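Peer 1: One letter stands for each residue in the lines below.
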Amino acid sequence: MKKIFLLFMLFSVSVFFQACNKIDEVLNEDINQSKIDERMKNLSTLGTVEYSFTKTIKSSDEQFYTIGMRQILMSCKAYVKAGVNFEKITISKIDKQNKSIELLLPKAEIILLNIPAEEIKIEIETTGALRSKFSNDEIQKVQVLAEKDIKKKVNDLDILNKAESNASMFLDKWIRSFGFNSVKISFKK
Amino acid sequence: MYKLIIRLGITFLILIIGFFTLVKMNILPEFLNFSKYFGKKEITIEPTALIVENVAPLAQLFTSTYYSEFPISETKKTEALFGLTTSNNELIIIAKGNCYAGTDLSKFSKDDVQIIDSATCSIKLPASEFLDVVMNPTDFEIYKEDGEWSAEEVKKLKEKAKYLIQEKAIKEDVLKKADLRSIQLFTDLIKSLGYKNVIVEIKNNVKTINT
Numbered sequence: 500m501k502k503i504f505l506l507f508m509l510f511s512v513s514v515f516f517q518a519c520n521k522i523d524e525v526l527n528e529d530i531n532q533s534k535i536d537e538r539m540k541n542l543s544t545l546g547t548v549e550y551s552f553t554k555t556i557k558s559s560d561e562q563f564y565t566i567g568m569r570q571i572l573m574s575c576k577a578y579v580k581a582g583v584n585f586e587k588i589t590i591s592k593i594d595k596q597n598k599s600i601e602l603l604l605p606k607a608e609i610i611l612l613n614i615p616a617e618e619i620k621i622e623i624e625t626t627g628a629l630r631s632k633f634s635n636d637e638i639q640k641v642q643v644l645a646e647k648d649i650k651k652k653v654n655d656l657d658i659l660n661k662a663e664s665n666a667s668m669f670l671d672k673w674i675r676s677f678g679f680n681s682v683k684i685s686f687k688k
Numbered sequence: 104m105y106k107l108i109i110r111l112g113i114t115f116l117i118l119i120i121g122f123f124t125l126v127k128m129n130i131l132p133e134f135l136n137f138s139k140y141f142g143k144k145e146i147t148i149e150p151t152a153l154i155v156e157n158v159a160p161l162a163q164l165f166t167s168t169y170y171s172e173f174p175i176s177e178t179k180k181t182e183a184l185f186g187l188t189t190s191n192n193e194l195i196i197i198a199k200g201n202c203y204a205g206t207d208l209s210k211f212s213k214d215d216v217q218i219i220d221s222a223t224c225s226i227k228l229p230a231s232e233f234l235d236v237v238m239n240p241t242d243f244e245i246y247k248e249d250g251e252w253s254a255e256e257v258k259k260l261k262e263k264a265k266y267l268i269q270e271k272a273i274k275e276d277v278l279k280k281a282d283l284r285s286i287q288l289f290t291d292l293i294k295s296l297g298y299k300n301v302i303v304e305i306k307n308n309v310k311t312i313n314t
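Sequence lines, in order, name chains A and B. Quick note on the working numbering: the first sequence kicks off at 500 and runs consecutively. Quick note on the working numbering: the second sequence kicks off at 104 and runs consecutively.
Simulated from the structure, these hints should not be mistaken for laboratory data. What you are looking at is a predicted structure, and each value in this text was computed from that prediction instead of being measured.
Covered stretches of chain A (chain B as the covering partner; in silico rule of three or more C-beta atoms under 8 angstroms from a C-beta of chain B): (1) 549-562; (2) 590-603; (3) 606-617; (4) 642-652; (5) 669-678.
Here are the simulated lysine to any residue pairs, SDA-like style, with alpha carbons at most 20 angstroms apart: (6) A:Lys632 x A:Leu572; (7) B:Lys210 x A:Arg675; (8) A:Lys647 x B:Val236; (9) B:Lys294 x B:Asp220; (10) A:Lys592 x A:Ser667; (11) A:Lys540 x B:Glu275; (12) B:Lys263 x B:Trp252; (13) B:Lys144 x A:Val643; (14) B:Lys199 x A:Leu542.
Idealized CB from N, CA, C, for every residue including glycine.
Turn these sequences into a full structure, and let the hints guide you.
Peer 2: Structure follows, in structure tokens:
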């Protein structure tokens with residue numbers, strides 16, 4: 500009876516490990532796919548301003564079941580580019596004889612927010628004697644929170660107005676190189 | 104005595120079930136919400152200012168973007184028991200990002216415009232280039248982390264992902280497509296300025312469209 504029980508146990512254990520291996524294989528197959536998603540898109544935005552920012556990221560962690568605290572202080576750089584949609588620039592009036600032109604530009608928009616990984620630095624990390632260091636996953640979460648905070652704050656800045664005034668300056672100069680003497684630029688409301 | 108214990112037990116059980124039902128239904132008063140005191144607190148960040156370091160004028164025409172999502176991994180061997188055993192530790196990150204390509208118009212000068220006659224105009228555009236590769240923290244996910252990996256090693260792998268997406272974009276001919284898009288956009292704009300024939304040429308890489 501004991502022998503049968505032992506054989507049954509051995510069989511169960513081997514089935515269990517086989518199943519684990521299978522799951523591992525399936526997972527690895529998924530991971531090793533060279534690409535999950537790829538796509539290409541046409542754009543037509545004229546970037547006219549770039550803002551560079553710095554931000555300090557502070558985070559601390561203390562749970563009711565832990566003794567001691569963990570703190571991390573990071574710094575990062577962020578870049579925001581804004582501009583106008585080039586395709587939507589319309590010519591509202593043109594007089595080739597008098598060499599004058601009036602352009603109507605769309606409202607400015609944010610093109611991209613870039614927080615390069617190489618410009619995120621851990622400045623100070625302090626951990627209590629009974630605490631472990633911040634894991635890479637936790638550091639990642641802190642960085643994600645910082646990105647969300649930057650996105651919120653960027654909207655409160657005057658970036659779009661600056662992008663519009665730079666766009667009109669650039670286009671004024673550019674259109675003049677085509678022989679126009681008078682260039683008027685206005686923005687859609 | 105025995106009955107009293109059973110009654111107390113049943114009452115206690117009913118109270119417990121009732122309490123957890125109220126917790127699940129989210130109708131407990133705030134001060135009775137014990138998860139507030141004993142639950143695991145999520146990681147938060149303290150509010151800090153976003154400091155503007157620089158504001159620079161640009162003249163970049165973004166004409167193409169390439170998006171990709173892919174896994175990237177790194178393995179290292181670690182020794183244990185004074186080198187008697189070794190194990191392979193793996194770090195897998197899922198990265199996604201955008202590679203922006205376009206024309207840097209700050210390299211465009213007045214001499215690049217030639218007005219041949221009242222109906223014909225020719226311009227020379229700078230060749231398209233990668234203007235930005237954007238892979239922000241939300242674009243990375245640590246999928247697997249075996250063994251000890253320092254924050255610096257994770258950062259290096261993220262940088263490698265940034266390099267890889269650019270390589271992929273080159274293979275997909277993104278720059279060529281960006282050039283064609285620039286030619287199209289400038290042709291349309293110059294035509295609307297009153298020129299019937301527009302010749303757009305890409306510097307170094309002569310591509311001409313005659314319309």
